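Read off the chains here:
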Amino acid sequence: MSIDLLVAGGVVLAYFGGVGLLCTELLGKNLRWDERIALAPFCAVAVTVLVIRVLRQLWGVWLPALPRWQVLVVMGVSAVLSVLIVVMRARRRMRKSLRARAQ
Amino acid sequence: MRTLAWLRQQLERARSRWSSRTFVTWAVFGSTMIMASAGLHWAVRLAFLGYGATLFGVLWVCRQSWMRSEAATHQDREAKQANWVTIVALGALGVLLLTRLIPFLRFGEAPLGYDTGFYVGSIRSLYQTNTPASSALYLSIIPWYVAGIPPALLYHVFHVLTQLFLAGALYFLLASFSVPLRRRLAAAVLVAFALSAVQFLGYWWAFTQQMLGMGFLLIAMGFFLRRSYWTPLFALLAFLLHTPTGAVLLLTLAVYHLVYIVQLFRSRRYVDRWTNVMLVMGLVALPVAVWVKWNDVANLFSDVFRSYGVFLAQVPSERALEFRGNFIGSDVFRWLILGSIPLSCFTIVHPEIWWRRRVSAAFFYRHLLLLYAALAVLVVLTFAPVIYQARFSIMLDLVLLVFTAPALLVLVEHVAQRRSGYMVLVGALAMAPISMGLTVWHQRPMITTSELREMKNFPALAEPHAGVLVTDSYYAPWLWGFATWGTVAPGYLGDSWSHASWERFWYGSSDEERLQMLSARDHPQPPLYLYLGERQQQEQPYEWFIRSSPVFVNVSPHLWKFIGDPRPVPVFPST
Chain A
1 MSIDLLVAGG VVLAYFGGVG LLCTELLGKN LRWDERIALA PFCAVAVTVL
51 VIRVLRQLWG VWLPALPRWQ VLVVMGVSAV LSVLIVVMRA RRRMRKSLRA
101 RAQ
Chain B
1 MRTLAWLRQQ LERARSRWSS RTFVTWAVFG STMIMASAGL HWAVRLAFLG
51 YGATLFGVLW VCRQSWMRSE AATHQDREAK QANWVTIVAL GALGVLLLTR
101 LIPFLRFGEA PLGYDTGFYV GSIRSLYQTN TPASSALYLS IIPWYVAGIP
151 PALLYHVFHV LTQLFLAGAL YFLLASFSVP LRRRLAAAVL VAFALSAVQF
201 LGYWWAFTQQ MLGMGFLLIA MGFFLRRSYW TPLFALLAFL LHTPTGAVLL
251 LTLAVYHLVY IVQLFRSRRY VDRWTNVMLV MGLVALPVAV WVKWNDVANL
301 FSDVFRSYGV FLAQVPSERA LEFRGNFIGS DVFRWLILGS IPLSCFTIVH
351 PEIWWRRRVS AAFFYRHLLL LYAALAVLVV LTFAPVIYQA RFSIMLDLVL
401 LVFTAPALLV LVEHVAQRRS GYMVLVGALA MAPISMGLTV WHQRPMITTS
451 ELREMKNFPA LAEPHAGVLV TDSYYAPWLW GFATWGTVAP GYLGDSWSHA
501 SWERFWYGSS DEERLQMLSA RDHPQPPLYL YLGERQQQEQ PYEWFIRSSP
551 VFVNVSPHLW KFIGDPRPVP VFPST
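So the protein sequences, as listed, match chains A and B. In case it helps, the working numbering puts the first sequence at residues 1 to 103. In case it helps, the working numbering puts the second sequence at residues 1 to 575.
If you're looking for bench data, these hints aren't it; they were derived computationally from the structure. What you are looking at is a predicted structure, and each value in this text was computed from that prediction instead of being measured. Take these hints with a grain of salt, some might be off.
As the list claims (entries may be wrong) - If you want the footprint, here are the derived chain A segments under chain B, 3+ residues with CB under 8 Å:
1) 4–11
2) 87–98
Said to hold, decoys possible - Covered stretches of chain B, as calculated for chain A (at least 3 residues, CB under 8 Å):
3) 138–145
4) 169–176
5) 259–273
6) 473–482
C-beta atoms are modelled at their ideal positions from N, C-alpha and C, and glycine is treated no differently.
Generate coordinates for the entire structure from the input sequences, incorporating the hints supplied.
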């Protein structure tokens, strides 16, 4: 297996993980970490199906017809942004709970 | 007279000790066990009834101890045992992954069942023709496709991941119950899932769309139990991924709402806001789902239901396997779930086991009714001879696993406290991994490595647009997926011969007629190749004809090119 393929596969996995976790973050605050992990792949699949379908239906954009590197960059950026948002929200939540406990 | 009085006294005593509920419970359990073991050899049946009665009896006897425990105590214990729950859940996932990877470790590239070739072929079509895929499954693998992963590898990675997703969905469903022991129940259901032979066979037969669809079904049910407004979205996706799975969810929700609303009216209460909103959202989502999947739905009604009705009895024998769902029969299914029936049956007749205390009507209607509705729908669909019957058994197994989890947990917790009980438990539960291990070990690939290599080599052997006529449907998906799309098989992939024509080709005594039939064939386009796999060694007239006639040239061990030379054809020896 080539390095190129491994990197691309890694980007896709990161995209699924990141987007899935972001969706579970937005779905509800009362989900525990284990429930989020269980739910994340389904959210990622749901978002992917809906986005690709809407892009094709409304604007006629067919993802595989775009240059590979463009799609990979978009997926990589969405993965990084999703993880950042999840981490920031988790940190804010933790700070809030610490403050509440201190009071 | 004295004897009669004594008997009456004993009956009175038994009546005071055993409530009518106890009789009903044992009657339901007994009849279920008798029905489940119908048709088995008497010795096996006796052993099964003994095993079932022992498990049920043990759970019944220790019922008082787990019913007495307070929920608060459970909550405390839950917090203390959180690490153990995580370890058990991770262990179950490890076993799940191992059983799913063993076929690959033993047999290499294509060890799974019939549908593998269809999926690989469809993904390859995405690569080579860049056709916009409409199925939700292919849309969900587009990111992997864009990454440039080869079709067979992509499909198998995605299929294994789907199993982990399904395990996650089961975990999510059990974690959605508002009971104090939900984490432990979720871990227990993962153990049951990892050791389920039916689920392994569903995986082996490569039902990826159904597996992913079932995952969405369980997630939708989980959100439903949580009273979440996200339920319709996940239900819609289950429908988009796999229409029969979506139909099961639809029927389950219909039965649930019917019973729930009737119960509300009987107790003179209003339908709550959430249920109203859910009904409205469901009524909006259903036309959207039908619109998106219009081709499938229209095909189902115009081609299938209009031609054959809903029952299998009307389906012609040559298409019976396809319309049954091409999976294990209901007898094999029953055999595979025998071990877990006493446990699931105990939970079904004892809803208290979820809460470990008396269940209120509110808890039953809010949490358990949905499971009972799914169970009722799936029992009917699995054991009635309806179209797609065999595939519904995989879903029924999932629901039974959910019912197995609480009884399994009680058994482990209460019986394992005593040394003798521990030994009995280990002995009884060791049967599940042994049976699962044997199922995994005996599941052989459908084609050999050399056959697969030969199929993949087809483009190098044949002309660019050459087609292959498969004479046994067994090989159709493999050639379609790994050799060429120009593959045609008896009854499908664009085949133009009727079943009667095929019977003449397979079993007819005239080789002249076979030659004429092949010469007149215009699909697939010439040059035409014929494939005879390793299992086609029974010297049927057509096999003899292909192997020995000069109108065919053997280009590789299993592939013959039809050159259509009108030289005299040797006569089959038996004629």
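Okay, the hints, checked on the actual structure:
no.	hint	result
1	4–11	holds (count 5)
2	87–98	violated (count 0)
3	138–145	holds (count 6)
4	169–176	holds (count 4)
5	259–273	violated (count 0)
6	473–482	violated (count 0)
Hint check: violations occur at hints 2, 5, 6; the rest are consistent with the structure.
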